[in-house]
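Dock chain F against chain Y, hints included.
As given, the protein sequences belong to chains Y and F, one line each in that order. Following this note's numbering, the numbering of the first sequence begins with 70 at its first residue and continues without gaps. Following this note's numbering, the numbering of the second sequence begins with 2 at its first residue and continues without gaps.
Note that these hints are calculated values from the structure, not bench results. One or more of the hints may lead you astray.
[Unchecked claim] Derived DEER-like restraints, expressed as beta-carbon distance ranges: (1) Arg95/F x Gly156/Y: 23 to 29 Å; (2) Asn161/Y x Arg73/F: 39 to 45 Å; (3) Asp38/F x Gly156/Y: 29 to 35 Å; (4) Lys43/F x Gly191/Y: 15 to 21 Å; (5) Arg73/F x Ala184/Y: 35 to 41 Å; (6) Gly181/Y x Trp84/F: 31 to 37 Å.
[To be verified] Dumping the calculated DSS-like pairs for lysine-lysine here, alpha-carbon to alpha-carbon at most 25 Å: (7) Lys55/F x Lys43/F; (8) Lys43/F x Lys58/F; (9) Lys153/Y x Lys58/F; (10) Lys153/Y x Lys43/F; (11) Lys77/F x Lys55/F; (12) Lys77/F x Lys43/F; (13) Lys153/Y x Lys77/F.
Each residue gets a CB set at the ideal place from its N, CA and C atoms; glycine is no exception.
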Amino acid sequence: MESNGADDARASLDAVAATRAGVAGRIAAPWWYHLVLGLLVAQHVLAQGLENANWTLPSMGLLLAGCLVLTLAYRRLAGLSTAKAQGTRSRNVLTLLGLVALACVASASLTGSAAVSWVAAGVVLLATIVLGRLFEAALRREIAADPDHSF
Amino acid sequence: MFDEIVHAPNRLRICAFLAVVREAEFGTLRDELGVADSVMSKHLKVLADAGYVKVTKPRGSGRVRTWAALTRAGRKAYEDHLWYLQALAADAARGPGGSTGANSGG
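Extracted from the complex, chain Y is given alone in its bound form:
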């Protein structure tokens, strides 16, 4: 290494940066991914507002099973599975999405009103689609970031 020196180090760092940019370009969920995820969360929110409490467990089961199937489908299609939020922006977007989902579940559950539940389900569906795509965009930017600034 010493014989090659700084030029070799710079070339290696450039190769790392190019690879990270390549990975970032591969992170693109199919168009239906966030829609299906949003529908899965929305049905769980809706179930909280229904008078029949027996829907809660089946809807939770559907949500968990659906998320598992979605994750496996994405992994198979993309040929990779992403680890987690890589930076502050993606972490913030993910936290915001979690808070919106919790607020929607809580509002439907606490009021027990069908009307409120429909509105909350619509909000969570929209939030999942919009914030899901924002999360993906943030993740792409963070992964493609210059490795010189990654630590």
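Structure of chain F alone, referenced to chain Y:
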């Protein structure tokens, strides 16, 4: 710290790829690096033998796919090596007298 195993160009790129994902499929890695199957297999084997990469072939429906993931030791070796490269490049940019010690770590 300089790592001979990680430093080879293709292996450095494999580590750089795996460092930002949980796991990647053999074909995805091969396509990203633009190398032949045999070349990819050889480098993955070196990394796996060093304990830097975990290779799995989950059995299921359809053809068997090979998946690779960076181990904890592999991530540490990659990050240390990247730090070494960054320090070396920074030293060179600063010129004589501004050493961070990367040149003495080889």
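Tested hints:
1. Arg95/F x Gly156/Y: 23 to 29 Å: Cβ of Arg95/F to Cβ of Gly156/Y: about 27 Å, so the range 23 to 29 Å holds.
2. Asn161/Y x Arg73/F: 39 to 45 Å: violated (27 Å)
3. Asp38/F x Gly156/Y: 29 to 35 Å: holds (34 Å)
4. Lys43/F x Gly191/Y: 15 to 21 Å: violated (53 Å)
5. Arg73/F x Ala184/Y: 35 to 41 Å: violated (51 Å)
6. Gly181/Y x Trp84/F: 31 to 37 Å: Between Gly181/Y and Trp84/F, where Cβ atoms are some 56 Å apart, the hint is violated.
7. Lys55/F x Lys43/F: holds (14 Å)
8. Lys43/F x Lys58/F: holds (16 Å)
9. Lys153/Y x Lys58/F: Given that 25 Å is the threshold and the Cα spacing comes to 23 Å, the pair holds.
10. Lys153/Y x Lys43/F: Given that 25 Å is the threshold and the Cα spacing comes to 29 Å, the pair is violated.
11. Lys77/F x Lys55/F: Holds. Lys77/F to Lys55/F sits at ~14 Å (cutoff 25 Å).
12. Lys77/F x Lys43/F: holds (22 Å)
13. Lys153/Y x Lys77/F: Holds - the C-alpha atoms of Lys77/F and Lys153/Y are around 18 Å apart, at most 25 Å.
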